[in-house]
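**Student:** Read top to bottom, the protein sequences are chains A, B and C.
Letter by letter, the first sequence follows residues 1 to 450 in the numbering used here.
Letter by letter, the second sequence follows residues 1 to 297 in the numbering used here.
Letter by letter, the third sequence follows residues 1 to 301 in the numbering used here.
Just so you know, the hints here were simulated from the structure itself, not pulled from any lab data.
Don't take each hint at face value.
Claimed, not checked - With the Cβ distance kept under 7 Å, some of the chain B side facing chain C (calculated, not the full set): (1) Val-36; (2) Ser-120; (3) Arg-235; (4) Leu-290.
These numbers come from a predicted model, not from an experiment.
We put the CB at the ideal spot given by N, CA and C, even for glycine.
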Amino acid sequence: MTRPSNEAEYLARMVPPSVRGVDRRTLLRGAFGVGALLGAGGLAACSSGSTSSTGDGDGAVTGTVTVGSNQSDPVPKAAVQSYMDAFQKANAGTTVKINTVDHNSFQENINNYLQGSPDDVFTWFAGYRMQFFAEKGLVGDISDVWKNITGMSDALKKASTGADGKQYFVPITNYPWAVFYRKSVFKEKGYQVPKTLDELNTLGAQMKKDGLDPIAFGDKDGWPAMGTFDQINLRVNGYDFHVSLMAGKEDWTDPKVKKVFDTWAGILPLHQADSLGRTWQEAAQSLQQKKSGMYVLGSFLAQQFTKGAEQDDLDFFGFPEIDSTIGTDAVEAPIDGYMMSAKPKNEGAAKKLLQYISQPEAQLLALKADPSVIATNSTADTSGYTALQKKSAEFVKSAKSITQFMDRDTRPDFASTVMIPAIQSFIKNPKDIDGLCTSIQAQKKSIFGS
Amino acid sequence: MASKRKYKGIDQLSTRDKVVVGLMVIVPTLIVVWLVWLPAISTVLLSFTNWDGIGPLSGIKPVGLQNYRDIATIYPPFWPAIQHNLIWLAALFLVATPLGMLFAVLVDRGVAGTRFYQTSIYLPVVLSLALIGFIWQLIYSRDQGLLNAITGGTTDWYGDPNVNLWAVLVAASWRHAGYIMLLYLAGLKGVDPSLREAAKIDGASETTTFFRVVFPVMRPINIIVVVVTFIESLRAFDIVWVINKGRNGLELISALVTQNVVGEASRIGFGSALATIMLLISSVLVVIYLRIAMKED
Amino acid sequence: MTDLAVKTRPQRAPREGGPSSGRRWLLPVMLTLISLIWLFPLLLALVNSFRDYAYTAKNGYISWGGFTLDNYTNAWAAGDFGLHFMNSVIITVPAVILTLFLSCCVAFVVARFSFKFNLALLGFFLAANLLPPQALLIPVYRMFRAIEVPLWVSDSGTLLNSFVGLILVNMAFQIGFCAFVLSNYMKALPRELYESAVIDGASVTRQFFQITLPLCRPAIAALAVLQVTWIYNEFFWATVLLQQGDKFPVTSSINNLRGQFFTDNNLVAAGSVIIAVPTLVIFFVLQRHFVAGLTLGATKG
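Could you build the full structure based on these sequences and the hints that come with them?
**Tutor:** Next comes the structure, spelled out in structure tokens:
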């Protein structure tokens, strides 16, 4: 009998063989782990042995499942706790241990986290990044969980699928990007919601005359302006080209791409000046203070407005049509959710948890923390939704295609080290589009390899 | 007689002493070799690959000098970063460090309230990055900052690449002066007071005393201060990172390394190449320092 | 001549009354002015940390009003500061003490003796300090992940996700700088000091602890303050080498105050002020070692 190699194994050994009823190998596999098992020591030894290989979501699951969460500020943290608590109640014998890491650190260290000793389940986003991890074998296949999931649209399922056709992700909430405005301002000045680019230009000119900055804009952090690029690209070239461009399959010196920048340069004068020194919050505050008329941003903008009358005054419209053959049926709506790590210590409970997360009960609890996002499950009860949420839900539902936002749709090294500086230099100097595209293409080649 | 010739005698070591000296040198050296130099060598080796930090080491593919070629030709922030580091060096060397030294000399006089002065000047050094970011955001923000509110202007202190480096250098000097003051003050406190007294008795003024008597005696400390200034300009990072992660006119080499290595970007090979360039530049500094130190001995 | 008589009083005695020799008030006034200028930005942030975010969002920061203590109470609770302060202490205290001790050892050897490898050693340590730590994150991460240690050293079984690993890394990075600085301070000590000790038959250890260290008190105190500041405020190593949120030091609790999208800047400022307090305390405690001079006069006569 060899010495136990870790505490968990030692504890596991204290359970008499008659109760264990499993062979040493599965026991070791289940016992190999960090203090998570200490809380349910012997019990864990039983459960991990019995659930590890079958992954049967319907069977009773016990033991501890660990969750890595990036919801670190108090309100979302409490919301996560609440639906984890609800899960524990519904599955007696299971404990959920939440490992909360602050938002920034969690995201920045995701590579190290997944290659170290990740929790069984963790928060993440849909998009290229999710598929990338799947390809590298860092996350677990949960296609069997998806067999039992109901209420998720095809678009959502597609966004949760890896390149190999298997599912790796369970959505919980998402939120749309659109053009936001204050109803009171539009009513007071008699503005109409623009449906085409020309109408947007006219509206902008009118707003300028009235002393407003037509489009609020703050790109100090680099990423907000990506949203505008995405919107324009979707309208000018359509969903397919956009996805292909993000995947690195297109040439950035293609006239189609130049057209996007040209169009943007055309409406750049409508944007707030000196955007590179302004954070998006400051830009949002200009909307709040009625100093600007519109803002292209995600619906999390609502968080900046005080609850009540001010938030109710917020409304949005989809980015105007630019090309009538393409229309406006593509929506950018980043999806947040959960994934399972490649070698979870308690696979059964992890999968049960993921299934639970896909259901309206968990999602509505999550929304309590952040009423600017919407649930992904279409059967969720929307009666408690604010007007903005209802409109968001409708907006996303009616979309034919959904994109995730540039920094989730493309390689993160390309997005952060190439696109952010490139877009910033475009904003500074919108005249040299050819030079810009050439530079982006050269760097893109070195990163994507082609 | 324990000392035949003055200096040989006091350097004779018993066996036990030899062991002690050996340990005193070996333990720290081993730690630094293990945790700094070995990873540094790995970094240099990684700079010849395009690894993304994920997967087994056996999966790493070498790409020769490709990263370096890319850095020099198609990577837009690189040359501006070098330029900015040089500007940073000049600013620290010509303004912030002398300021810090001046403060140390003034504070060293021991006037009443010296602790208050020391604390005030040193305070910026102990503040965490988040606070520093908030402080200067309050001052420099285009829409809501103090500077624009007072001057009535609309200068985009952070966003205009022609201005932001200088704005940030003010913030950096604010910190750097306190840091230098601390180091220099410790040195000044070590100067034999009898030297100063002798100068006073000879009728020397304060300034003459300082430049003719104290400054020369402080030579090792002066060297530290110069070296620290070089180190700080090469490794300048904190403030630009917290402002906008080192973009748009605030590019600095450390920030570029961090952008590529930390976070989801994970261009480990590319970032390592940038870090290797930093290593090369710093080895030049080290060689220069050693030359100067050798001249002394 | 009376001017001169006034000025020849020993350095450390505070300036007593005496004849108004014209410029005696200049220094304190200048210093006060400088101090106030230096303090101003911090005071600005301090004032605003006591203000409600909703108020400053509406009226901008150049306004008056909206004062509250809530930011501080919320920051403490939301950031879970109690736990993270504890973590910071566990990391910082051993790291600083060990770093200073080991640096003194190396600096002593290099300053006291004229070995051939002295310069190479100094260059070695100096160069180690010139690298950006960020460049070494991934190699060290990989290394730590592969090194297995007994469970009483680290509860994860490897150096990854352990305080020991983090302490070692911080030490390694700071030893270079401290050794370099201290060697220069120690070189400034005259050799005559050691002569008397050697004649008395003192071993190297005695010389180190009884002569060198006490005389380097100002330098060590200064470095202690700097080390505490740097290691305490250090951020990247902690997030890379630790994997569990409840092990993170206090620098990351600031991030707990930031939302994914929405950040209450005033709350973050309050949190940052709270975090800055320990380093200030250390500075105050060690300050008297700067103010106190040396007793180099021990070698004379």
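**Student:** Does the structure break any of the earlier hints, and which numbers would those be?
**Tutor:** Failing hints: none at all.
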